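There are 2 protein chains.
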Amino acid sequence: MPRLVVRSFTISLDGYSAGPRQSLDEPVGKGGIQLMDWAFATKFFNTMFGRSGGEEGIDDDFASHADDNVGATIMGRHMFGPDRGPWDLNWKGWWGENPPYHHPVFVLSHQERESFEMQGGTSFTFVTDGIESALQQAFAAADGKDVRIGGGADTVRQYLKAGLVDEMHLVQVPLLLGQGERVFEGLAGVEDRYECNEFTPSNRVSHLRIVKKS
Amino acid sequence: MPRLVVRSFTISLDGYSAGPRQSLDEPVGKGGIQLMDWAFATKFFNTMFGRSGGEEGIDDDFASHADDNVGATIMGRHMFGPDRGPWDLNWKGWWGENPPYHHPVFVLSHQERESFEMQGGTSFTFVTDGIESALQQAFAAADGKDVRIGGGADTVRQYLKAGLVDEMHLVQVPLLLGQGERVFEGLAGVEDRYECNEFTPSNRVSHLRIVKKS
Numbered sequence: 001m002p003r004l005v006v007r008s009f010t011i012s013l014d015g016y017s018a019g020p021r022q023s024l025d026e027p028v029g030k031g032g033i034q035l036m037d038w039a040f041a042t043k044f045f046n047t048m049f050g051r052s053g054g055e056e057g058i059d060d061d062f063a064s065h066a067d068d069n070v071g072a073t074i075m076g077r078h079m080f081g082p083d084r085g086p087w088d089l090n091w092k093g094w095w096g097e098n099p100p101y102h103h104p105v106f107v108l109s110h111q112e113r114e115s116f117e118m119q120g121g122t123s124f125t126f127v128t129d130g131i132e133s134a135l136q137q138a139f140a141a142a143d144g145k146d147v148r149i150g151g152g153a154d155t156v157r158q159y160l161k162a163g164l165v166d167e168m169h170l171v172q173v174p175l176l177l178g179q180g181e182r183v184f185e186g187l188a189g190v191e192d193r194y195e196c197n198e199f200t201p202s203n204r205v206s207h208l209r210i211v212k213k214s
Numbered sequence: 001m002p003r004l005v006v007r008s009f010t011i012s013l014d015g016y017s018a019g020p021r022q023s024l025d026e027p028v029g030k031g032g033i034q035l036m037d038w039a040f041a042t043k044f045f046n047t048m049f050g051r052s053g054g055e056e057g058i059d060d061d062f063a064s065h066a067d068d069n070v071g072a073t074i075m076g077r078h079m080f081g082p083d084r085g086p087w088d089l090n091w092k093g094w095w096g097e098n099p100p101y102h103h104p105v106f107v108l109s110h111q112e113r114e115s116f117e118m119q120g121g122t123s124f125t126f127v128t129d130g131i132e133s134a135l136q137q138a139f140a141a142a143d144g145k146d147v148r149i150g151g152g153a154d155t156v157r158q159y160l161k162a163g164l165v166d167e168m169h170l171v172q173v174p175l176l177l178g179q180g181e182r183v184f185e186g187l188a189g190v191e192d193r194y195e196c197n198e199f200t201p202s203n204r205v206s207h208l209r210i211v212k213k214s
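Chains as they are written, first to last, in this note's numbering: chain U, 1 to 214; chain X, 1 to 214.
In short, the hints are calculated from the structure, not lab data. What you are looking at is a predicted structure, and each value in this text was computed from that prediction instead of being measured. Take every hint as true, because none was put in to throw you off.
BS3-like mimics (lysine-lysine), calculated; alpha carbons at most 30 Å apart, straight line:
| id | chain 1 | residue 1 | chain 2 | residue 2 |
| --- | --- | --- | --- | --- |
| 1 | U | 92 | U | 43 |
| 2 | U | 213 | X | 30 |
| 3 | U | 145 | U | 43 |
| 4 | X | 212 | U | 30 |
| 5 | U | 92 | U | 145 |
| 6 | X | 145 | X | 92 |
| 7 | U | 212 | U | 161 |
| 8 | X | 30 | U | 161 |
| 9 | U | 30 | X | 213 |
| 10 | U | 30 | X | 161 |
| 11 | X | 161 | X | 30 |
| 12 | U | 212 | X | 30 |
So the derived list for chain U, only partly shown, Cβ under 7 Å to chain X, looks like this:
| id | residue |
| --- | --- |
| 13 | 176 |
| 14 | 187 |
| 15 | 194 |
| 16 | 195 |
All C-beta atoms in this analysis are idealised placements derived from N, C-alpha and C, irrespective of residue type, glycine included.
With the sequences and hints as input, model every part of the structure.
Written out as structure tokens, the structure is:
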């Protein structure tokens, strides 16, 4: 059965996956980009950006397998762009002409917008009728593969709360952010459905796996 | 200079240091006692409870040094007992006749109560005029040694927010609690004063050290 997965979802030691006040200059909010240092240090990311070098090991293993068997991505609007309200139709995501998805991406939004295609197999489709509709469309587009939730915190939280996430790979970074967006908020009862079944620290971060209780 | 320290303060992967609904039967709230499994597994704790065995290594090192150079403890009322409102004068703490402190303990409360002494050098003094008063009294009683905040979350948060904590040793457990009490809440700005300068994972938990920025 295809599954709904979260991979390499990164939070600070105080639980924030992004800093406050997201903007064009700070896509991950104030201070939030530091959350990605563990990923930027890997060989996988360096290779993706056309650079040599980078670290191998635990972090690289997780980063390089994050898209294994993933056929579609779901994300929230703020992960797609910084603007709010009516769409700026010139905005086509943070990632340039050839986004790193290479499969259909479904963006949750309250504002309708025509879908469009980018280079390299990535398409963006905008879903205004809720998380379950987005999930159905994503599973159909994934054609038997898994669907990955890209983020952000609010989107992951909604799917967790609805019990729709099958597996979540969480990365805890030893960084104090102080404020921002967090996924673990208003989730009382989630502990009855989910549990942590893996703890794999590297020399930089902790990797945790959260799964449905059997 | 004597310092105000937090040691072995343990939180779940979603940031809770105690479960909800503390009671006489569940001093750490629903599910909260699991947060202490890492400590209960150490040789230090087994020895303290008169048992042989227990694990040595990273967790045992942190647990056994948590009271080094500590001359007094501050705690919140809920760490001292389960009751609310006027004092039950028969209640003398969770720890029996010989509490594991062996030095003066200052309990923050809104209800006045006479101080009293237990076996083994532990005394309990009740402070109703705020965290700074408690800190002054604790430093005086510690006689040149450090003061440790025992907990709980609310007490640690108040001292962090006021910038009075000098060093905090945090333990992150790969456990999903879902709800409860947390220290990292409403602390926007704490990231300007404090930073994490140590990440030491064991095979069970992550140990982090938070210090004032220099």
